[in-house]
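Peer 1: For reference, the chains in residue letters:
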Amino acid sequence: MIRFENVEKVYARGARPALDGVTVDVARGEFVFLVGASGSGKSTFLRLVLREERPTAGRVYVAGRDLSTISSWKVPSLRRSIGVVFQDFRLLPNKTVYENVAFALQVIGRPRHVIKTTVPEVLEMVGLDGKEKRRPHELSGGEQQRVAIARAFVNRPQILLADEPTGNLDPTTSLGIMRLLDRINRTGTTVVMATHDDEIVNEMRKRVVELKTGTVVRDEAVGSYGERESILPTIGGTPVLDAPGRNQPAIRVTPEPADLEAERAAEEAAERAAAEHAGPLVPVPAEPPVRTRRAAAAARRYPADDVVQQVLAENSRARAGREG
Amino acid sequence: MRLQFVVTEVLQGLRRNVSMVISVVLVTFVSLTFVGSAALLQTQVDKLKDDWYDLVEVSVFLCPNGSTAPTCAAGEATEEQIDALRTVIDTELADVVAQTYLETKADAFAAFSERYPDGYQGTQLTEDDMQASFRLKLVDPEQYQVVADVLTGREGVEVVEDQRAIFQPLFLALNRASLLAAGLAGVMLLAAVLLITTTIRLSAMSRRRETGIMRLVGASNLFVQLPFLLEGAIAAVVGAVLAVGGLWLGVKYFVTDWLQQSVNWVAYVTVGDVLLVAPLLIGIAVALAVVSSVVTLNRYTRV
Ligand SMILES: Nc1ncnc2c1ncn2[C@@H]1O[C@H](COP(=O)(O)OP(=O)(O)OP(=O)(O)O)[C@@H](O)[C@H]1O
Ligand SMILES: [Mg+2]
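Protein chains in written order, with the working numbering: chain A, 1 to 324; chain B, 1001 to 1303.
Honestly, the hints are just simulated from the structure, not real lab data.
Wrong hints could be hidden among the right ones.
Label pairs and their calculated CB-CB ranges [as the list claims (entries may be wrong)]: (1) 29(A) with 1298(B): 53 to 61 Å; (2) 1205(B) with 39(A): 25 to 33 Å; (3) 1183(B) with 65(A): 50 to 58 Å; (4) 1177(B) with 137(A): 40 to 48 Å.
Cβ-to-Cβ under 8 Å is the rule here; a few derived chain A residues that face chain B [to be verified]: (5) 26; (6) 70; (7) 76; (8) 79; (9) 80; (10) 89; (11) 90; (12) 104; (13) 106; (14) 109; (15) 158; (16) 215; (17) 217; (18) 260.
Cβ atoms here follow ideal geometry from the backbone N, Cα and C, with glycine treated the same way.
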């Protein structure tokens, strides 16, 4: 899905290469953490995938396209297959949650009826159902990041890039965001996430690529954050991060109630989706019939999104199993 | 969807920097008014030429008695000299001269008496005070010089005169006015380009967040730039429409309703001519806006 071959990137004003002979291959559907000290080239890596920058040497392939030779008028179509999330959310302050997410579809010319069905769906998925009319400043950091993720995912990209998405969030809220990214990853979306958050990396047990002054010094299929590994006790965590704050309750910052609420809402959305697909397997909570109709209609119209629904279902089955 | 979205964006952009937009409108209005004035003055000159050049002739004055011109040393032009001149005009100037008419002293006196029946400035003139001449109507009035070159200095010819010369000062003045208007138009157009550039740049900067996100989610270059482009174009076209309106009013009230009433033997520009100039002005406005926005936008919102 993403392949770097001996990629070197020297910025016009850079003293040393930001990336130097990087060779990395990310398969379809993988979840990869990019770790490394500040200035090690993580953001540069992501910018190369987006073709915001071009490599000074080597080749970058994304979704079967060779970015070193792609013509600039094809770049928009490349970017439509990539979602991006940043540490600073980058929401439009004068637009509501709904408008922020819809914006991503409007500017690529999606028809109105598609927007009308897709946006509520994705908002429900990230747990922001009912907050469509809020503006970014009326949301907590965690909720804002959920909006950003919804915007990145609303076009169902093949790849999701996240540059320190939890950098501004407290650990519990971060965990909620990670859960969301994990869920998105399970829809088949390839996720590449640059982070400094050792706790998250260690808990997720995903592939870790470590950069150091522009070179890959480590690439482990099931990795941990690195240097701090010895300091932190190994956690026998589950791959699914379904218990916020389970292991270190003492050091948790009290999360924003709103974030918890969003988290709960996302869970409920998953459950509802599960209910629709798995029928009697999962106990169905009483729900407003309006919502069912909408979700059902959405599922009818977008059979491709079944995979999302399935994953949501799977998720909640796992939870139900643990609890029951 | 696309269209509605673009329209909303454009309206938002226009509302966001109203004062800049107004200044763009005003500057294009003034500059295009000058462009239009220059064009209308040229039209006026052409009309006058069309009208008047049909009437004007070249006069070849023949030697009268007592002329001091060297070609008239032999006294009054003789029949032979006149015949010789007629032959020259019919052969050498056959292509240039459309009509030849010999105005004898008698003809001239008749015309004079009709015009001034009570004598000229108090003196009664006689037929002998008149001067015979050839009146030549040219195929192309601009070719006076050819006629002058051939006939000047021939025996029996005192002087060759171009009636067009009477109009020259007027045409010169109109041409200068039109040049002046064009020059001012040039300066104002430059100001308009710079102002549109600045406006679009400000607009692009104030919406950098939006355009940044648009680029990230894969909006096409055209889609990112179109709202800005339209913003500039709309402001410029409004300016052009105002300019057309201004010229229309100017021609209607100043020329048609006033000049035409007071001096009515001249063919003037009409409001119809203003409408002919209108597409030119609007075209210039659009070109200005598009050129300045493309230059600016490529620097500020490139993918
Ligand atoms: N636009 C630029 N021009 C010049 N040098 C740059 C530019 N962007 C980044 N660099 C340099 O490239 C190197 C890698 O930067 P990059 O932003 O990729 O690091 P990072 O791993 O993302 O760091 P952080 O964890 O702090 O975000 C750094 O030395 C940085 O100074
Ligand atoms: Mg970075």
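Peer 1: Compare the structure with each hint and give your call.
Peer 2: Hint-by-hint comparison with the structure:
no., hint, result
1, 29(A) with 1298(B): 53 to 61 Å, "violated (38 Å)"
2, 1205(B) with 39(A): 25 to 33 Å, "holds (28 Å)"
3, 1183(B) with 65(A): 50 to 58 Å, "holds (54 Å)"
4, 1177(B) with 137(A): 40 to 48 Å, "violated (60 Å)"
5, 26, "violated (20 Å)"
6, 70, "violated (12 Å)"
7, 76, "holds (4 Å)"
8, 79, "holds (4 Å)"
9, 80, "holds (4 Å)"
10, 89, "violated (11 Å)"
11, 90, "holds (6 Å)"
12, 104, "holds (4 Å)"
13, 106, "holds (5 Å)"
14, 109, "holds (5 Å)"
15, 158, "violated (12 Å)"
16, 215, "violated (27 Å)"
17, 217, "violated (29 Å)"
18, 260, "violated (28 Å)"
In summary, the numbered hints that this structure violates are 1, 4, 5, 6, 10, 15, 16, 17 and 18.
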